[in-house]
Structures are given as structure tokens and as C-alpha cells.
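In case you want the letters, here they are:
There are 2 protein chains.
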Amino acid sequence: MTQLSKTLELDDLKSTQPAYLESIFSLANGHVGVRASDPINPSEDAGTVVNGFYEESDIHYGEKAYGYADKNQTIVKLPDIRRITVYDDNRNKFDQSQLKDMHLDMAQGILYSTYELSNSQNESIELSLTSVVDQKENQFIGLRYEITGKNYLGNIKVEKDFDLDTTAQDSDDPRKSRGVTTLQYDSLNLQDLKGLRVTTDNSKLFVEMGLALSEDMEMILTLKDGPIKFDVLAIVGDIGQHISSTDLPTFESIKEESIEFWTRFWNQSEVEINGDDSLNKAIHFNLYQLESSAGRDGKTNISAKGLSGVGYEGHYFWDTEMYMAPFFAYTNPDIAADLIKYRYSILPEAKERARTLGVSDGALFTWRTINGKEASAYYPASTAQYHIDADIAFAIYRYFTITEDNQLIKDYGLEIVLETAKFWTNFGSFSEIDGKQRFCFFDVTGPDEYSAIVNNNYYTNRMAKFNLDFAIQLIKKFPEEAKQLGADKHTLNEFAKIRDAIYLPFDEEKGINEQDDSYFKKPVWPFEQTPKENYPLLLHYHPLTIYRYQVNKQADTLFADFLFDDISKEQLIKEYDYYEKITTHDSSLSRSIFSALAARLGLSDKAYSYFRDTAKTDLIDLQGNTNDGLHIANLGGSWIAIVEGFGGIQIKNDTLNIRNNLPDAWNGMTIHIRYRDCLLEIDYSQDNVQVKVLSGDPINIVIDGIKSTVGN
Amino acid sequence: MTQLSKTLELDDLKSTQPAYLESIFSLANGHVGVRASDPINPSEDAGTVVNGFYEESDIHYGEKAYGYADKNQTIVKLPDIRRITVYDDNRNKFDQSQLKDMHLDMAQGILYSTYELSNSQNESIELSLTSVVDQKENQFIGLRYEITGKNYLGNIKVEKDFDLDTTAQDSDDPRKSRGVTTLQYDSLNLQDLKGLRVTTDNSKLFVEMGLALSEDMEMILTLKDGPIKFDVLAIVGDIGQHISSTDLPTFESIKEESIEFWTRFWNQSEVEINGDDSLNKAIHFNLYQLESSAGRDGKTNISAKGLSGVGYEGHYFWDTEMYMAPFFAYTNPDIAADLIKYRYSILPEAKERARTLGVSDGALFTWRTINGKEASAYYPASTAQYHIDADIAFAIYRYFTITEDNQLIKDYGLEIVLETAKFWTNFGSFSEIDGKQRFCFFDVTGPDEYSAIVNNNYYTNRMAKFNLDFAIQLIKKFPEEAKQLGADKHTLNEFAKIRDAIYLPFDEEKGINEQDDSYFKKPVWPFEQTPKENYPLLLHYHPLTIYRYQVNKQADTLFADFLFDDISKEQLIKEYDYYEKITTHDSSLSRSIFSALAARLGLSDKAYSYFRDTAKTDLIDLQGNTNDGLHIANLGGSWIAIVEGFGGIQIKNDTLNIRNNLPDAWNGMTIHIRYRDCLLEIDYSQDNVQVKVLSGDPINIVIDGIKSTVGN
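Protein chains in written order, with the numbering used here: chain A, 205 to 916; chain B, 205 to 916.
There may be inaccurate statements among the hints.
Since copy identity is lost for identical chains, a pair holds within one copy or between any two.
Claimed, not checked - Calculated lysine-lysine pairs in the DSBU-like style (CA-CA distance at most 35 Å, straight line):
1) Lys555 to Lys785
2) Lys577 to Lys736
3) Lys714 to Lys701
4) Lys408 to Lys268
5) Lys725 to Lys680
6) Lys640 to Lys725
7) Lys701 to Lys736
8) Lys701 to Lys577
9) Lys773 to Lys640
10) Lys693 to Lys725
Keep in mind the hints are simulated off the structure, nothing from the lab.
Turn these sequences into a full structure, and let the hints steer you where they fit.
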């Protein structure tokens with residue numbers, strides 16, 4: 205079954221630049237990612253990525269200070285497994301290749317690619333490669349090669365082995381990844397397998413890879429009797445685990461599992477737009493790649509580029525909790541739970557980090573990390589973003605609200621929420637503002653990285669307030685478990701006192717929340733004198749220049765407004781209008797929130813326009829760097845925009861609310877989400893919303909403000 | 205003639221640790237500095253320093269951004285010229301040495317050192333080395349070695365050559381210097397000279413050095429007939445200039461010039477304390493070393509460690525203008541003028557830097573530099589210290605007020621003052637504060653580096669106000685010259701408008717100036733919970749931890765108070781009291797200002813106590829790092845404390861004012877300063893001040909508030 209809206213083709217894309225295609229068509233399963241390289245002439249970015257497999261190196265500072273991150277953590281680019289070498293009769297290579305077709309079946313998780321190969325005599329053959337990633341044990345990649353003679357019909361010989369990248373180089377662009385030059389490659393002695401162990405010198409990790417070949421590649425094959433077909437099974441083991449050559453799956457069995465997996469996935473996660481095929485395909489692509497990126501073992505997370513490339517060094521950021529986790533919480537809560545378990549696994553490092561930052565109790569999660577330690581070398585836009593603590597608490601809150609999974613809270617969530625709450629109480633301090641004692645946070649950076657080291661960032665303060673409030677709720681709900689973790693009535697009172705006193709900057713004259721204590725005092729960025737080519741600003745202006753103006757890289761105060769929906773519509777409209785004018789959207793995390801909030805406000809055109817850019821960020825290469833990997837947070841952001849924005853999905857007073865914010869351009873939309881024990885199908889048309897319970901018991905929900913009970 | 209108070213001996217010092225002694229007893233002449241190494245076993249810090257002779261290297265950032273400094277500038281440590289090798293009859297070295305005596309005659313500029321040397325047979329000889337630095341042509345160092353037999357009276361052979369340091373290593377301590385490993389050493393073919401050219405690979409500079417030996421060192425010498433004496437003349441050429449072996453001075457001629465130079469120096473710069481020999485000697489040491497450190501060619505400046513070591517990489521800071529220049533302006537205005545000329549020479553780089561910082565007109569001097577380009581890798585405590593612009597303008601103002609040197613203003617000063625004034629007008633912006641339009645500066649760092657990236661730092665704003673005011677004065681006084689530089693009546697009005705609108709934070713409740721917009725909102729540093737070993741704080745706390753508290757590394761608002769004397773005594777007492785409580789004096793620039801201000805306030809005990817620490821910072825190794833070089837700014841600070849503090853020297857309304865703030869502990873004090881064309885001798889006793897004009901015409905001054913005319 206081919207679904208057009210779930211088939212991504214070359215015509216859907218901005219370009220056919222090889223590294224760009226490698227990212228777009230990458231296949232992954234949360235553990236291993238395979239960039240869609242040309243098997244004859246892979247780009248220098250081609251390769252395989254294993255979630256969480258990183259090398260350490262010293263961070264060099266021009267000037268170092270106490271408490272700075274001291275080690276880089278860099279995701280390792282493993283050998284490209286798609287590569288083969290094809291020889292002609294005269295032992296000359298078919299070393300030219302031309303891409304003829306590439307398409308990804310997102311309904312089944314299968315990538316098809318076809319190349320015309322030629323040798324120096326201009327003799328040509330056709331190579332097609334079908335690849336599929338194992339979605340069950342997560343260790344296998346099935347590769348089916350088929351070679352057909354064109355104007356060459358002689359004998360061929362094929363070589364298939366690991367191609368080791370020993371030309372790694374460093375880069376100064378923080379959005380790329382530094383090269384890793386401290387890897388050891390060892391051959392493995394395994395029956396019927398070409399095996400390779402890749403060991404990191406400093407982080408002392410290893411991954412084993414294997415290639416199981418269905419044919420004897422030493423044989424000379426002839427094309428004159430028709431196409432030659434052979435399968436290669438690639439194995440990429442877990443970090444620190446040995447691979448084996450027994451009980452290996454076949455290409456067909458991997459394919460079957462993949463079809464089953466993606467069928468189930470779409471049943472749980474469907475988003476179908478009626479009235480815009482191109483956006484419909486874009487959102488399918490986004491969800492497909494988002495699902496592919498997420499670690500499913502509780503030990504790994506979702507890197508900023510997923511498993512589609514090595515950009516941002518494979519680090520995990522707040523992106524997970526605030527942009528990616530909503531999708532999982534509403535469609536695949538097991539993965540949302542795994543992402544929380546990962547944070548729990550690095551709680552010891554977070555406690556240590558809080559001590560390093562001079563805070564006597566509680567935990568401070570690091571801004572960018574794989575192993576839990578801080579890996580950012582620029583603290584004003586990393587360590588100072590203390591809000592990550594509350595972001596993680598918020599992801600737990602969201603998960604809990606949707607699933608009511610008490611066990612996960614008891615086992616993992618409660619401790620995280622208590623430790624982050626404690627952090628805020630020990631990090632902040634009381635200060636008199638307008639004659640009242642208010643609880644303040646000094647020298648912090650909010651989500652908007654175009655301001656840094658400010659006082660009372662609205663988003664940060666609002667999130668801290670939430671974090672304390674949620675901790676209070678959990679202490680009340682799980683008093684025994686809380687007590688075991690040292691939180692009692694005294695804690696509760698302390699938390700409540702501080703929660704109530706947290707200062708939230710508000711500008712009386714403008715009637716809107718102020719991004720931080722001094723934000724509106726600064727001049728507005730001279731947008732009219734700024735040429736287009738000077739965006740993104742961070743590449744063309746010194747941080748001090750950017751910081752001293754009112755200019756936003758991304759949603760900040762508005763993000764808090766979106767999350768908490770706690771200000772009047774009148775204020776929100778003013779606030780949206782004000783901040784929109786000064787936002788550059790230089791971050792790929794920005795437009796989705798502007799879209800979702802606009803949809804909620806009934807600013808339909810704006811919502812739609814931002815959504816279009818969000819949905820197609822990678823397909824149109826909006827940021828110009830998709831070749832380094834996909835913008836995974838934005839993929840999640842596009843789901844937020846469509847489901848929480850247009851679909852008006854929101855949980856209020858412990859009840860699922862749906863509001864129909866469908867854009868005019870669409871005839872309708874169908875989404876599948878989970879809420880509590882139900883899988884729901886929600887059908888939106890221009891004048892109606894219909895909800896069906898696909899599985900589970902009838903539930904009470906609110907549709908466009910009206911309470912109703914829905915069943916199957 | 206030996207003056208006890210001008211002879212520094214080992215007994216005056218904290219320790220005899222070799223690297224410490226090398227700094228303390230270093231000899232210099234503004235061009236070349238020679239660390240006082242043990243000639244047999246120099247420490248690894250031993251060597252020769254040439255003012256402004258630096259190598260470049262790439263600055264490596266963990267994360268780089270637009271406009272960051274991209275090259276280190278690192279002062280080169282040149283070969284140690286004191287080193288010799290002495291062999292016994294059996295060609296064994298006298299390789300053990302023990303320091304017997306070292307003393308510095310600061311009245312004449314001669315360093316005496318004596319060592320007992322022994323070989324592996326425990327046979328010993330005595331080596332004494334007398335050294336003196338040429339103060340005329342500035343290229344020569346006279347070294348007189350004398351070897352006397354002790355229980356060894358056989359033959360000796362001496363070797364004397366350059367000892368090349370090829371073991372340079374990097375250091376992470378920002379107060380030290382990184383190692384330079386990119387030097388080329390070439391022998392020079394010069395008659396009667398061992399010559400060496402040292403070339404830097406990246407900055408493409410060279411310095412030539414030579415050793416002229418008075419004896420044929422190949423000869424075997426015998427000790428049994430009495431001591432053996434020989435002279436070595438070391439030559440250290442100007443940067444980029446060839447040295448020659450003709451017209452070389454002798455040891456004696458260098459010595460004579462030195463005596464003449466230092467006699468003249470003390471006549472112009474005398475500070476004599478009557479009643480505390482130890483402090484008297486300390487202040488003599490400070491002035492001696494301060495004078496030795498200052499570049500005298502208009503192309504070089506005074507590095508943070510002078511020429512006594514390679515700490516702080518030989519960079520020039522605001523230290524020059526605010527701590528060192530007062531001494532020169534009042535005692536040796538030619539050097540003060542040279543220091544201004546240096547700034548003029550890097551004005552093109554300062555204009556370029558302003559553009560890089562997004563400011564469309566004017567010049568921004570870089571925070572730490574040799575060649576005019578920014579060399580600091582940590583912008584929150586460097587580039588953000590915009591106040592350096594006004595500091596430089598202030599040094600010009602001070603020089604001009606004292607000397608009335610119109611020509612220097614026309615040729616150099618005016619353009620600097622106009623360019624820095626223009627910077628402020630384009631860098632700042634109007635903002636409404638308490639219903640009024642005030643001119644503000646956002647995201648700046650003041651002198652206190654324990655706060656960073658703040659708004660409206662009092663010191664910065666006050667200095668900017670001064671800078672504009674001074675520019676206005678100069679435009680009025682030199683209208684033709686100003687016009688040629690593009691400054692006319694319109695400029696004057698614009699400057700005046702902004703000067704009058706500059707915002708100065710003041711806290712109504714406390715009744716004192718506030719360090720910045722949000723300073724008093726922050727909690728006070730938990731001093732009581734801070735163990736002594738955690739100072740200096742910067743080595744034990746993350747910058748974000750320090751920044752979020754009220755805690756000062758050094759005088760900030762109080763420094764502005766000291767400079768401008770523009771607030772009531774009542775307010776100043778409150779302000780002093782408030783800021784003193786939260787100041788750690790972790791910077792060596794702090795105590796001198798606290799002392800001077802206390803003296804002015806009549807807080808005699810405090811003034812005296814701070815002065816004692818200031819005066820002896822290096823002699824007692826207060827900061828624990830004198831081995832990296834002397835704290836030159838503090839040497840100048842000690843002069844400020846004694847002359848402007850206790851001596852009450854101040855220029856008000858274009859008139860020299862003297863106030864007798866002599867501490868109780870002293871019987872009296874005599875100082876020599878220049879004012880306009882006069883060299884003055886001012887004698888303070890507990891109940892009297894007497895002023896004598898040593899040279900020049902009678903002038904009107906104010907003594908303890910009373911106008912009087914003084915003559916010779």
C-alpha cells in the first residue's frame with residue numbers, strides 16, 4: 205500500500221545536495237541512525253550515529269574560570285554502512301554515480317534509492333538500494349542491493365566493507381560538531397560477519413558493528429542473465445555490548461517488523477490534513493523523523509539533530525522537554541516516560557552541578573549534555589538558562605496529567621520535581637520590589653538567547669513558580685514517598701511561601717509582561733537599518749551588541765503565556781503584538797510557538813503562515829543547515845502548532861479541552877492522540893469537531909467550551 | 205652614598221623563593237627588563253622582557269561568536285642574560301649555588317647579588333654580580349661578575365652564552381602568561397659580540413640581543429692570585445632594529461648614567477616618610493619599579509607586570525591611566541605624555557573595534573592589548589568594560605590640568621577625547637526613568653569584575669559624563685582643531701544634551717549612589733559562611749555565583765567618588781561604609797583607592813591600614829603571585845594613596861589644593877611634585893604644611909582651604 209501523503213520524494217525537497225539528502229532521508233530507530241548516503245560516493249558527512257555514543261575531549265578556553273564545563277562530549281560518526289564498491293571486468297571501479305530516484309515510504313519505514321553508476325569507459329549499470337531499520341531489537345539495518353546492467357552487461361565484482369573515516373576535523377561553528385580523532389578501530393573475529401569495534405580513547409566507550417553478507421562477495425557475478433540482487437545485514441550493537449552472529453534477522457523479517465511498527469505508530473499518532481497535500485506530507489515527515497530520533501531505553505534521549513547527523517555534537521537540550529516531549533506524551537507515552545527516566549539517570553550529576561554553582565541544595569540540570577555533565581563552553585547561553593530545571597519538571601507534569609501514571613512519578617518523577625523545586629528556593633532570594641518582599645532570580649538567561657544574564661526573566665520566574673507549585677501538588681498526593689525523599693509539611697510550607705512570592709515582571713504602562721527587569725528600558729533593535737544578509741544576528745553582531753537591544757531570537761515571555769494560559773486575552777493580544785515585532789525567529793524553536801499561540805488567539809493568518817515555515821523547516825532548508833542534521837525540536841514544534849494550536853488541544857482542570865482553530869485554508873484535519881486510557885480520533889472540519897474513542901472507555905471532555913462525553 | 209631608605213635588602217622581603225626574588229629585584233628602563241635570576245641556577249621564570257615584544261597565537265574558544273578577540277598577544281620571554289657557567293679544573297661545573305646577599309640600591313639603580321657556588325666535591329667559590337641597566341639609550345645592561353676562591357683556589361673556566369628556553373608551556377591561569385613556542389633563534393655574525401636574533405613566527409617581530417665580553421672566556425683563569433673580575437655588556441635592541449657592536453658603553457659609563465638618572469628621578473619624585481622606615485622604603489621601592497616599567501617612546505605603555513615578568517601576557521590595561529599615570533603626570537609629565545601618545549597610536553584599532561561592537565561612530569579602546577587589538581578572551585570582564593574609553597580621556601584631562609600642555613592636546617589628546625565622547629553618544633540610548641528621559645548604557649561591566657553585564661554602572665556612567673564634559677571644554681578651547689576633526693557647535697550641543705541626561709543610579713532609601721540599576725536588589729554575599737581559603741572568590745566560585753550577589757572585587761562607585769569629589773561628605777561616609785563592607789579587595793587595585801578616600805574622609809586608621817597593605821603588596825607577597833611579576837598598578841596606587849590621600853593633593857578649579865591628612869603614626873612626610881612649570885617640595889608635619897618651589901615661579905595654591913602664594 206503506497207500512501208502518497210506518507211511518501212517523501214525528491215520533488216518535495218529544496219535541493220538534491222548530497223549531504224542535505226543524507227539528513228532528510230536518514231533512517232533511525234532511537235538507537236542507531238543511518239544517513240542516506242550515495243553508496244558509491246558518500247559525502248564527507250555520511251555515516252552512522254549511535255544515540256549517546258560520544259567521545260570526550262578537553263574544552264579549551266581563552267580564559268577559564270571556576271566551574272566551567274571542562275570536557276566536550278561529541279557524538280561519534282561511525283562508518284557509513286551503505287557504501288559498496290563495484291568493479292567491472294577489468295577491475296576498474298564504477299566510480300561515478302548519479303542519483304536517479306530516492307523516496308521514503310513513511311508508512312512502512314522503507315527507503316528506496318536508485319543510482320546510475322558508470323566507469324571510466326562510460327559504461328553504466330543501475331544500482332538500487334532498499335534500506336530498512338529494525339524497530340524491534342533496534343540493532344539491525346537491512347540493506348538490499350540490486351544491480352542491473354544498462355549499456356554494460358559484463359561481469360562485476362562487489363566489495364563491501366567498513367570505510368573508516370580518519371580525516372575528522374574540528375569546526376568553530378557551534379551548531380556543527382567537532383571532529384573526533386581519538387577512536388580506535390579493531391576488527392572482530394566473528395563467524396559469517398565482518399565485525400568492527402570502535403572504541404573511544406577518553407570516554408572509554410565502545411560500539412561493535414557487523415556486516416553480514418548474504419552472498420559470497422568474492423564471486424564474480426554476471427549481469428547478462430539479469431539483475432543481481434543481494435542483501436547485507438548491518439548490525440550496530442548497544443554501547444558497551446558485544447554483538448553476535450547468531451539469530452540474525454533477514455531483510456524480510458526486518459521489513460515486516462518495520463511495517464508493523466509504523467502501522468501502529470500512525471494509528472497512534474496520525475495527523476492528517478485535508479486540503480493541503482504538501483503540508484500534510486510535511487507533517488508526516490516531521491512525525492516520522494521525530495519518532496525515529498527518540499531514545500527508547502531510559503538511558504538515552506533525543507539529540508538536537510536526532511540520529512540524522514552529528515550537528516550540535518549529539519547533545520540533549522531543553523528541546524526534548526519543551527518541544528519534542530509533548531508529541532510523545534500525547535501519542536506514545538512509553539517514550540515520554542523513557543525520556544523522563546533518562547533525566548532521572550543524570551540526577552546525581554545535576555545535584556553536583558548545583559553545588560558547583562554555589563547552590564546548597566537541589567539539583568541543576570546541565571544545559572547541553574549526553575552524560576549529565578555540562579558540555580557547553582559559553583555559560584551566558586547555557587548554564588545561565590536555569591529554566592531547564594523547570595522545563596524538565598514541566599515535562600513530568602505534562603506526562604502525568606495526560607497519563608495519570610502514578611508509578612512513574614513515585615519511581616522517578618517525584619524526586620526530580622522535588623530536587624528542582626529545592627534548587628529554586630536556594631538559588632533565588634527575597635528582595636523588596638514596590639514595597640513588597642518578592643522572590644527574585646538574578647543573573648539568569650531565559651529561552652531568548654538574544655538577552656543574557658538578566659534579572660527576573662519572566663519565563664524563568666513563571667516556570668520556577670510552576671515547578672514549586674507542582675512539587676507542592678506531588679507532596680500532597682504522594683506524602684509517604686515525599687517524606688522518604690525528605691520533603692514534609694515544612695518543605696511544603698516553604699515551597700508555598702516562595703511560590704507565592706515569586707516576582708513576575710509586568711509593565712503597567714504597556715499592560716504586558718516584561719521579559720526581564722530592564723527589558724523595556726533598552727532600545728529596540730534597529731531593524732530598518734539591518735540588511736537581510738545580517739540574519740541570523742548572532743553570526744553578524746557581537747553578543748554585547750545584541751544583548752543591549754530589545755530583540756528576540758525566539759519566543760520567551762510568549763512561551764510562558766502559551767504554556768500557562770494565565771493572562772487575559774486582551775493582554776495576550778497586546779503581548780503577542782509587542783514581542784512579535786521584535787522577534788527575528790533566528791532560532792528554529794520560535795515559529796512553532798508563535799503559530800500555536802496565534803491559533804489560540806484566532807490570528808488565523810499568522811498562525812498559518814508561521815506553521816508553514818515550521819512544518820517545512822527542513823524540507824525547504826529554512827535555516828540553511830539541514831545538511832548537519834534535521835531540526836528535531838522544530839519537528840516537535842510543528843506538532844505543537846498543529847495539535848495544540850489549530851487542534852486547540854489543552855488540558856484544563858484535569859480535563860481534555862479541544863478548540864477548533866482550523867485555518868481557513870484547510871477543509872479539515874484528523875488527529876489521533878492518547879488521553880488517559882483512551883486513544884482518540886479527533887476530526888475537525890470548518891464548522892465541527894467530532895471525537896471518537898478508538899480504544900478505551902468513554903470519557904468526559906470539553907469541546908469548544910462545551911462539556912461532553914465521548915465514546916467509540 | 206648609601207641611603208638606607210633607598211636600599212632594598214633580603215630582610216625587607218617576605219621570602220627568598222627564587223622566582224619571587226627575580227620579580228622583586230628585576231631591573232628595567234621602560235624598554236627592557238631583566239629578572240634577577242640566580243646566574244647558576246635560574247628559575248624557570250628567569251629571563252628578559254622587552255616592552256611590547258609579543259607573539260600572536262590563535263585564541264581557542266569552546267564556543268566562538270562574532271567579534272570575539274581572535275589572537276592572543278603574548279609577551280615573549282627572552283633568554284636570561286645573567287646566567288653563566290663556571291667550571292673547575294676537572295671541567296666539572298660549580299652547579300650548586302646559594303644566595304648569600306642581594307640588595308638593590310634604588311638611589312643609583314644598581315643591583316648587588318652574591319652567591320656561594322660549589323661543585324660536586326663540595327669545593328666552593330663566591331660569585332658576586334653587580335648589574336645596572338642603561339637609562340639613556342635604553343639598550344644596554346652592564347653586568348660585573350667577580351669570582352673569589354673560598355676553599356677552592358684552583359683554575360676556573362667560565363662560559364657565557366644565551367640560554368634558550370625551548371620548554372615553554374601553556375597555563376590556564378589568566379593571571380599568568382601562556383608559553384610561546386613559535387620563536388626562531390638565529391645567531392648573528394657581529395664582531396666582538398655573541399649575537400642572537402629572536403623572531404616571532406606569527407606577529408613577525410624581531411629583537412636582537414648581544415653579549416659583549418670584556419675577557420676572552422676561553423681562557424683558563426686562576427683564583428689563587430685573588431678574585432677574578434670581568435664585565436659583560438648585554439645589548440637588547442629595539443623591536444625590529446638591528447644592534448651593532450660599535451660605540452658600546454662600558455659598565456662604568458652605564459653606571460654613571462644610571463646614577464645621574466635616578467638622582468634626577470628622586471629629585472622630581474621624592475616621597476619621604478618620617479616615622480616609619482619600613483613604609484618609607486616600601487614606597488621608594490614602588491616608585492623605583494613604577495618608573496622602571498614605563499615605556500618612554502610613545503609606542504609602548506606599561507604592562508600590568510611592568511618589565512618584571514611575563515604575567516598577564518605583558519598586556520596594557522586601564523591600570524595605566526587610572527593607577528600609574530597620576531604619578532607620572534605629577535612627577536614626570538614626559539612619560540605621562542608618552543603614555544597618551546601610545547593610546548593615540550592605537551586609535552585606528554579603537555575605531556575599528558567600535559564598529560565591531562555595532563557602534564557607528566567613535567572609538568572603543570580594547571581592554572587588554574599590546575598592538576591595539578583586543579586580546580581578552582572573556583568579554584564580560586573585558587570588552588564590556590567600556591569605561592576604559594573614559595579612563596583614557598581622564599588621563600588626558602589630568603595631564604592637561606597639571607601641565608597645561610596645549611600642544612599635546614592639539615596633536616594627540618583632542619582626537620582621542622572627541623572619539624571617545626562620540627562613542628558614548630552612539631553607544632548609549634535615551635530611556636524613560638522616573639518620568640524623565642535619561643541617557644543610559646546597557647550591558648556594561650564596571651571596574652568591579654564581581655558584577656558583569658549590568659545596566660547603568662555608576663562608575664561607567666559618571667565617567668562617560670565626564671568624558672563628554674571634557675570634550676565640550678576642549679572643543680571650546682581648541683575650536684579650530686576641533687573643527688578639523690569634525691567637531692563643531694552642533695557636536696558641542698549634542699554632547700551637552702547627552703552629558704546632562706546621563707543617568708546616575710542613586711538609592712533614595714540608602715541615600716547613596718548605587719553601583720548599577722539592580723545592585724541593591726541582589727542579596728549580599730554570604731561572607732560569614734565563606735571560609736578564608738575561598739578568597740579570592742574568582743578562583744572558588746562560578747562567575748554566575750559571584751555575579752548574583754552584592755560583592756565587590758574592588759572599588760567601583762567609590763572610585764568615581766574619589767575621582768570627582770562631587771557628593772556631600774555625609775553621603776560619601778555612608779557610601780564608603782556600605783561598599784567597604786561588601787568589598788573583598790580580591791583585586792590589587794582596590795586598597796589604594798580605599799586608603800586615599802579614607803584619608804580624605806578623615807578615617808585615619810582605615811586609610812593607614814589600607815595603605816600599609818597597598819604599599820607592601822609585593823614586599824609581603826600579599827596576592828601570593830609576585831613571582832609572576834610585580835603589581836605595577838598597585839605601585840602607582842600606593843603613590844595615589846600617599847600623595848592624593850595623606851598628602852591631600854587635588855586640583856580644584858584649576859588650582860592645586862593641598863590638605864594635610866597625615867596619619868597619626870607619622871611624624872611627617874615630604875613629597876616632590878610638579879605643577880605647571882614648578883617643581884614643588886611639600887613638607888607635612890602633624891600640624892603644618894610647608895610648600896617650597898624648588899624650580900619655577902611662585903604660584904597660587906590652596907593649603908587646607910586657605911589660598912596662598914608660594915615661592916622658593
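Here is what the structure says about each hint:
1. Taking the shortest Cα distances, lysine 555 and lysine 785 sit within 35 Å of each other only across copies (32 Å), while inside one copy they are farther apart (39 Å).
2. With identical chains, the CA atoms of lysine 577 and lysine 736 are at most 35 Å apart between copies only, with a shortest distance of 29 Å across copies and 38 Å within one.
3. Taking the shortest Cα distances, lysine 714 and lysine 701 sit within 35 Å of each other both inside one copy (29 Å) and across copies (28 Å).
4. Taking the closest pair of Cα atoms, lysine 408 and lysine 268 come within 35 Å of each other both inside a single copy (26 Å) and across two copies (28 Å).
5. Proximity of lysine 725 and lysine 680 under a CA criterion of 35 Å is satisfied inter-copy only: 33 Å between copies versus 42 Å inside one chain copy.
6. Taking the shortest Cα distances, lysine 640 and lysine 725 sit within 35 Å of each other both inside one copy (22 Å) and across copies (12 Å).
7. For a Cα distance limit of 35 Å, the shortest separation of lysine 701 from lysine 736 across copies, 34 Å, qualifies, whereas the shortest one inside one copy, 48 Å, does not.
8. For a Cα distance limit of 35 Å, the shortest separation of lysine 701 from lysine 577 inside one copy, 32 Å, qualifies, whereas the shortest one across copies, 51 Å, does not.
9. For a Cα distance limit of 35 Å, the shortest separation of lysine 773 from lysine 640 qualifies both inside one copy, at 27 Å, and across copies, at 32 Å.
10. Only between protomers do lysine 693 and lysine 725 lie at most 35 Å apart by alpha-carbon distance; the minimum there is 30 Å, versus 42 Å within a single protomer.
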